[in-house]
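Enquirer: Sequence:
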Amino acid sequence: MLLAIDVGNTQTVIGLFDESENLFYQWRIATRANETQDEKGILLNNLLLSDGLNAADITAVALSSVVPSCTTSIVEMSRRFLKLDPLIVDFTITKQLKTTYNHPREIGADRIVNAVAALKLFGGPIIIVDFGTATTFDLIS
Numbered sequence: 001m002l003l004a005i006d007v008g009n010t011q012t013v014i015g016l017f018d019e020s021e022n023l024f025y026q027w028r029i030a031t032r033a034n035e036t037q038d039e040k041g042i043l044l045n046n047l048l049l050s051d052g053l054n055a056a057d058i059t060a061v062a063l064s065s066v067v068p069s070c071t072t073s074i075v076e077m078s079r080r081f082l083k084l085d086p087l088i089v090d091f092t093i094t095k096q097l098k099t100t101y102n103h104p105r106e107i108g109a110d111r112i113v114n115a116v117a118a119l120k121l122f123g124g125p126i127i128i129v130d131f132g133t134a135t136t137f138d139l140i141s
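Last residue of the sequence shown: 141 (my numbering), numbering continuous.
Any given hint might turn out to be false.
[Stated by the list, open to error] The calculated DMTMM-like cross-link candidates involving lysine to aspartate or glutamate, where the alpha carbons are at most 25 angstroms apart (straight line), are:
1. K120 to E106
2. K83 to D57
3. K83 to D38
4. K120 to D130
5. K120 to D6
Calculated directly from the structure, the hints in this document are not laboratory data.
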């Protein structure tokens with residue numbers, strides 16, 4: 001199963017997807033930028049155990065993060081506790097998107113994921129409005 005982690009400025013959403021790409025578990029927790037890899041590993045293990053799941057069943061990890069310190073500790077946690085290198089979502093992840101943004105390295109992973117998902121689910125052109133810590137508007141053509 002795929003462990004997907006979306007780290008926002010205030011909340012982190014963790015989801016588990018089965019082989020058919022269906023979301024079957026989801027947790028929402030506070031984003032804690034100062035947590036260590038060990039704390040994150042223990043928290044993940046506790047979430048899994050609370051729902052009768054086993055970390056050994058996780059075969060892949062995908063990480064979208066707008067909090068750099070969390071990115072580092074989650075990558076380290078994934079390597080240590082799951083023995084997996086996570087796929088990190090950033091502006092280099094897809095050739096599908098071309099941007100006119102002046103500084104593409106500054107585009108948040110959340111906006112990239114939104115754009116890819118919107119194109120896959122609905123096609124383009126499309127306007128995406130994300131009401132996160134900051135409200136963002138993206139026009140995808």
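Enquirer: Are the hints correct? Go through all of them and say.
Expert: Taking the hints in turn, this is what the structure says about them:
1. K120 to E106: 23 angstroms, holds
2. K83 to D57: 12 angstroms, holds
3. K83 to D38: Judged against 25 angstroms, a Cα distance of about 14 angstroms means the pair holds.
4. K120 to D130: Cα-Cα ~17 angstroms, so holds.
5. K120 to D6: Holds, at roughly 18 angstroms.
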